[in-house]
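Novice: In case you want the letters, here they are:
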Amino acid sequence: MTLTTRPPSPARPGALASPGRAGLSDRSFRSLTLGCGLLVLVILGLITISTTQEAWPAFTHDGLRFFTSDRWAPSADAFGSLPFVYGTVVTAVIALVIAVPISVGMALFLSDVAPRRLRRPVSSLVDLLAAVPSVVYGLWGVIVLAPWLAGIYGRVSDVTSPVPVLSNLFEGPSSGRSLFTAGLILALMVTPIITSISREVFDTVPTTAKEAAYALGSTRWEMIRAAVFPHSRAGVVGGVMLGLGRAMGETIAAALVIGSSPQISARLFGSGDSMAAVIANEFGEAGGLHRAALIGLGVELFAITILVNLIARHVVGRAGVRS
Amino acid sequence: MHPPKIRFTGLLAALLALAMVAVSCGGSDDDGGTGATGGGGAQTTEARLSATLNASGATFPKPFYEVVIAGYQKEQPGVTVNYNGTGSGAGRQALQDGVVDFAGSDGLVNAADVAKYKGELLYVPTVAAPITVSYNLGDVRDLTLDADTIARIFQRQIRKWDDPAIAALNSGVRLPSTDITVARRSDGSGTTENFSKYLVAAAPDTWTLRSGSTVEWPGDTQAGNGNQGVAQIVKSTAGAIGYVDLSDAKASGLQFAKVRNKADRAVVPSVDGATAAMAGAQVNADLSYNPLNADGADAYPITAPTWILVYKNQTDKAKGEAIKSFLRYLLDDGQKLAEDVDYAPLPKSLQEKAVAQLNNIAVPVA
Numbered sequence: 001m002t003l004t005t006r007p008p009s010p011a012r013p014g015a016l017a018s019p020g021r022a023g024l025s026d027r028s029f030r031s032l033t034l035g036c037g038l039l040v041l042v043i044l045g046l047i048t049i050s051t052t053q054e055a056w057p058a059f060t061h062d063g064l065r066f067f068t069s070d071r072w073a074p075s076a077d078a079f080g081s082l083p084f085v086y087g088t089v090v091t092a093v094i095a096l097v098i099a100v101p102i103s104v105g106m107a108l109f110l111s112d113v114a115p116r117r118l119r120r121p122v123s124s125l126v127d128l129l130a131a132v133p134s135v136v137y138g139l140w141g142v143i144v145l146a147p148w149l150a151g152i153y154g155r156v157s158d159v160t161s162p163v164p165v166l167s168n169l170f171e172g173p174s175s176g177r178s179l180f181t182a183g184l185i186l187a188l189m190v191t192p193i194i195t196s197i198s199r200e201v202f203d204t205v206p207t208t209a210k211e212a213a214y215a216l217g218s219t220r221w222e223m224i225r226a227a228v229f230p231h232s233r234a235g236v237v238g239g240v241m242l243g244l245g246r247a248m249g250e251t252i253a254a255a256l257v258i259g260s261s262p263q264i265s266a267r268l269f270g271s272g273d274s275m276a277a278v279i280a281n282e283f284g285e286a287g288g289l290h291r292a293a294l295i296g297l298g299v300e301l302f303a304i305t306i307l308v309n310l311i312a313r314h315v316v317g318r319a320g321v322r323s
Numbered sequence: 001m002h003p004p005k006i007r008f009t010g011l012l013a014a015l016l017a018l019a020m021v022a023v024s025c026g027g028s029d030d031d032g033g034t035g036a037t038g039g040g041g042a043q044t045t046e047a048r049l050s051a052t053l054n055a056s057g058a059t060f061p062k063p064f065y066e067v068v069i070a071g072y073q074k075e076q077p078g079v080t081v082n083y084n085g086t087g088s089g090a091g092r093q094a095l096q097d098g099v100v101d102f103a104g105s106d107g108l109v110n111a112a113d114v115a116k117y118k119g120e121l122l123y124v125p126t127v128a129a130p131i132t133v134s135y136n137l138g139d140v141r142d143l144t145l146d147a148d149t150i151a152r153i154f155q156r157q158i159r160k161w162d163d164p165a166i167a168a169l170n171s172g173v174r175l176p177s178t179d180i181t182v183a184r185r186s187d188g189s190g191t192t193e194n195f196s197k198y199l200v201a202a203a204p205d206t207w208t209l210r211s212g213s214t215v216e217w218p219g220d221t222q223a224g225n226g227n228q229g230v231a232q233i234v235k236s237t238a239g240a241i242g243y244v245d246l247s248d249a250k251a252s253g254l255q256f257a258k259v260r261n262k263a264d265r266a267v268v269p270s271v272d273g274a275t276a277a278m279a280g281a282q283v284n285a286d287l288s289y290n291p292l293n294a295d296g297a298d299a300y301p302i303t304a305p306t307w308i309l310v311y312k313n314q315t316d317k318a319k320g321e322a323i324k325s326f327l328r329y330l331l332d333d334g335q336k337l338a339e340d341v342d343y344a345p346l347p348k349s350l351q352e353k354a355v356a357q358l359n360n361i362a363v364p365v366a
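Residue numbers (my numbering), protein chains in the order written: chain V, 1 to 323; chain D, 1 to 366.
Please keep in mind that the hints were generated in silico from the structure rather than gathered at the bench. Backbone N, C-alpha and C fix where the C-beta goes; we use that ideal spot for every residue, glycine too. One thing to keep in mind: the hints can contain errors.
[Claimed, not checked] Some chain V residues close to chain D (C-beta under 8 Å, calculated; not the full set):
#1 Gln263
#2 Ser271
#3 Glu285
#4 Gly288
The task is simple: from the sequences and hints, build the whole structure.
Specialist: What follows is the structure in structure tokens.
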């Protein structure tokens, strides 16, 4: 994904010459875009209706337990989605905790620190990361990264074992296929998104504001804190939210490295499962209630994603007011 | 070939397909040319047919179906058969929706679901294969297990290789005190279904996880994607044990255990053992049968069956004839190809019943 900032093109002088024609074309353009906008709503509506309809047997079979139970046992017709929600949230949080500082740092480097001739090639490389198919990340994760991480996890859990809280989080043994590995892979996948949006946002900071900060005797870091961050908070938060959406919805990479154990456990090096991953893993062989429950998970993920987006919108709105 | 119908469930399928597209990266081949012109000069005893058959379902027999399709192509160049390994459940759903001409399935249709199909279904047994209990234990080359021990290992009740229960079955074998790592499938699978069905049948008092395409594995078991994924975990982890189908276990060079059968004999997983299990199984009138934990001294007890599901009353003459012709080939010459890809051909009695079953497929005259 590339966002190119372009200076606003000067209006062509002849464009506003004949008001009558402009009125007609404006009107037809308006209805065309309105149609496009409504189409999105219609598609979303149809998806919601048909998935909810298909998932209904599972919702009625399990009732509220579908959302509150932590037991997922298709062979016993027990379908509780909580372990998957937990896994989705935990891996997405790990991904963001790792990816956000790196992405913002990388974006600052590209917009304010790097020599000019380095900026374009490096940002193309970052964008290229986003173009790698997720199954490639997944396979690399499960074949190369996970076995290597297993050794590191072992050492980390040895070191942290006397520390009260950390010993629970980092308890071994681990096969490498774990919530934490999934979080790492997701971090890698969302980094290019957050980086390129942040970079675009940082580029829009007015030079005058930056030079004002320098004129007051700021160092480069003080300038960034005083001029760049306040101006771009809303945009960066927006980028982070896009990354979060990607991390929560990522399917195949997570399915391969997360370990596929529907359990709620504080052990980050232990295996878990996420909503998108379990759908991908189990849908092919599922029938009856099991199939309905998997579609129900899809509905729930859909709802959670919308919720996250609404919250993000709210956060961005507030941040925008403050800056 | 008419375009597939698009319906609400189609939209849904498209949504979920997005999530699954990378899993089933087989992708359906474009079936543009139905080869109406025929071409080629292969002489066959049957009339020259022309049709495109689309099928999907179980991944477990897919390697066998692929060699059969390749062989059949030589006999009937005008017939194209596409078999898409989507999983048994998805295959049955596709047959219900009428988007495929037949489906491959490792399991039977639930009584509750029968009414959802567009007509009466016929089961055609095609082949079976042993599921191995593969392990990685250095120089221990000869290991025997029974259902009860397997159940306790996979439920993590036996956690070390020198456990007395394993030692009792392997007198004379020096077992190390290595920790056991259990490898199992991360994806829903007919292999898991048959493996767990076997344990339900053979170790009813010990096995508490029931049976299904995915079961409630203990949290400290290791999940691998597909038979290859489980094989990879077993191969790379000292002390690991996992259930893997015979062809993948052989391809990965794994050691596999002998399993004690109903006649209390330890049998090596092999094509012959699987055929013996099929011969020892009770065959029902609809040709459903259960070779798991079957009778017979030479029967390998964890033998997985698979079927092709087809509508009894075909609606299209060309397709109906092509289906019959393809299945006849599969049950006749195709059976000879099975052993090359580590599948067990049907025993004579069952094969004859299956061929007779094909006569029940009704094809419209016009």
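Novice: Under 8 Å, Cβ to Cβ, is where Gly288 (chain V) needs to be relative to chain D, so tell me if that hint holds or is violated.
Specialist: holds, 6 Å
Novice: A closest beta-carbon separation below 8 Å is what the hint needs, so does Glu285 (chain V) meet it against chain D?
Specialist: holds, 3 Å
Novice: Under 8 Å is the threshold here; is the Cβ of Gln263 (chain V) close enough to any Cβ of chain D for the hint to stand?
Specialist: With Cβ-Cβ at 4 Å, under 8 Å, it holds.
Novice: Can Ser271 (chain V) be said to touch chain D, with a Cβ gap under 8 Å?
Specialist: For Ser271 (chain V), the interface hint holds, since the closest Cβ of chain D sits about 7 Å away, which is under 8 Å.
The structure agrees with every numbered hint stated previously.
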